[in-house]
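S.K.: Chain A is fixed; fit chain B onto it per the hints.
Residues per chain are reported as follows:
Protein chains: 2
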Amino acid sequence: MDVAVLNRRFVGAQEKVAFRSAFAWEEWLCRPDIAPAKELLLVRATIDPGGAHGFHTHPTREEIIYVLSGRAEQWVGAQRRELCAGDMALIPRGEVHGTYNVGAEPLTFLAMLSPAHAEGPATVDVASEEPWCSLRAPGSSPPQSHPVCP
Amino acid sequence: MDVAVLNRRFVGAQEKVAFRSAFAWEEWLCRPDIAPAKELLLVRATIDPGGAHGFHTHPTREEIIYVLSGRAEQWVGAQRRELCAGDMALIPRGEVHGTYNVGAEPLTFLAMLSPAHAEGPATVDVASEEPWCSLRAPGSSPPQSHPVCP
Numbered sequence: 009m010d011v012a013v014l015n016r017r018f019v020g021a022q023e024k025v026a027f028r029s030a031f032a033w034e035e036w037l038c039r040p041d042i043a044p045a046k047e048l049l050l051v052r053a054t055i056d057p058g059g060a061h062g063f064h065t066h067p068t069r070e071e072i073i074y075v076l077s078g079r080a081e082q083w084v085g086a087q088r089r090e091l092c093a094g095d096m097a098l099i100p101r102g103e104v105h106g107t108y109n110v111g112a113e114p115l116t117f118l119a120m121l122s123p124a125h126a127e128g129p130a131t132v133d134v135a136s137e138e139p140w141c142s143l144r145a146p147g148s149s150p151p152q153s154h155p156v157c158p
Numbered sequence: 009m010d011v012a013v014l015n016r017r018f019v020g021a022q023e024k025v026a027f028r029s030a031f032a033w034e035e036w037l038c039r040p041d042i043a044p045a046k047e048l049l050l051v052r053a054t055i056d057p058g059g060a061h062g063f064h065t066h067p068t069r070e071e072i073i074y075v076l077s078g079r080a081e082q083w084v085g086a087q088r089r090e091l092c093a094g095d096m097a098l099i100p101r102g103e104v105h106g107t108y109n110v111g112a113e114p115l116t117f118l119a120m121l122s123p124a125h126a127e128g129p130a131t132v133d134v135a136s137e138e139p140w141c142s143l144r145a146p147g148s149s150p151p152q153s154h155p156v157c158p
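Here the protein sequences line up with chains A and B, keeping their order.
Per my numbering, the very first residue in the first sequence carries number 9; after that it's consecutive.
Per my numbering, the very first residue in the second sequence carries number 9; after that it's consecutive.
One chain only, chain A, in its complex shape (with noise of 0.2 Å):
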């Protein structure tokens, strides 16, 4: 490993690794190529009003999704619920999960997975797969209807 990688404690705007990708501005924090974590993925990322991350799984990893501003319709299984700033969301490995943008603003939020290091692939999509397709399409109505965060 990269010894400046290895000696790093402090991840911020300097440090950080980041990109768009097919649903979210991605800001890495903590990966094995940033930082010598062993236990501990950490990405803050930002979705568009509108935008989604549909149903997908992560077969290897652990995940809380921690909501930091904007709204969030949060899917863990067949479980909805609307998240505000300062709620989670804990993922058991492997269970199927997806995070709509049901508000007017950004939705951002932290995505905590453990362990840092696995075999096999990250994420496995299935959001064109029953019954996940038929319970919530990308760009489709919210099922019912949403509080509103304070």
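Because the hints were derived from the structure by calculation, they are not lab data.
Treat the hints with care, as some may be off.
Same chains, same label: a pair holds when it works inside one copy or across any pair of copies.
What the hints assert, rightly or not - Below, simulated SDA-like cross-link-like pairs (lysine to any residue); rule was C-alpha separation at most 25 Å, straight line:
no., residue 1, residue 2
1, Lys-24, Thr-116
2, Lys-24, Gln-87
3, Lys-24, Ala-112
4, Lys-24, Ala-86
5, Lys-46, Cys-141
6, Lys-24, Arg-39
7, Lys-46, Pro-114
8, Lys-24, Val-134
9, Lys-46, Glu-103
10, Lys-46, Asp-10
11, Lys-46, Pro-123
12, Lys-24, Glu-127
13, Lys-24, Glu-103
14, Lys-46, Gln-87
15, Lys-46, Val-134
16, Lys-24, Arg-144
17, Lys-46, Arg-89
18, Lys-46, Val-110
19, Lys-46, Gly-85
20, Lys-24, Ala-135
21, Lys-46, Val-132
22, Lys-24, Val-104
23, Lys-46, Gly-102
24, Lys-46, Arg-144
25, Lys-46, Ala-86
26, Lys-46, Pro-129
27, Lys-46, Arg-88
M.R.: Same frame as chain A, now just chain B:
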């Protein structure tokens, strides 16, 4: 495990476990008595101005500290940096670290730790031991000038 805990996927104001500890207001969002976590613990901590969580270790877990608001003088080993909102520190398992609120406002941060389950003491206080007690004592002045967070 309690069935409600086993099935819980969302944690917000209703489900969190909050209390005042010796150094912070702690709001636990993810731990095994709240949700069925195997890998991840998550707590939101708020330290008053002038307060600190002095030098300590977690012998069994890796940790990330992510600042939500306020200014942290963060130490990891002998490395020191001021962290502002959006910055993080990685603390490898067993490494000495400490967090000082050097701002005029409350300091609120997320601490994520992994794994969720581990034998032995979760935290070991080393604040009174050398070299840590000479580096920075709670209530002492910062060792150098601090840039101000935006």
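S.K.: Check each numbered hint against the structure and report the violated ones by number, ascending.
M.R.: 3, 5, 7, 8, 16, 18, 20, 24
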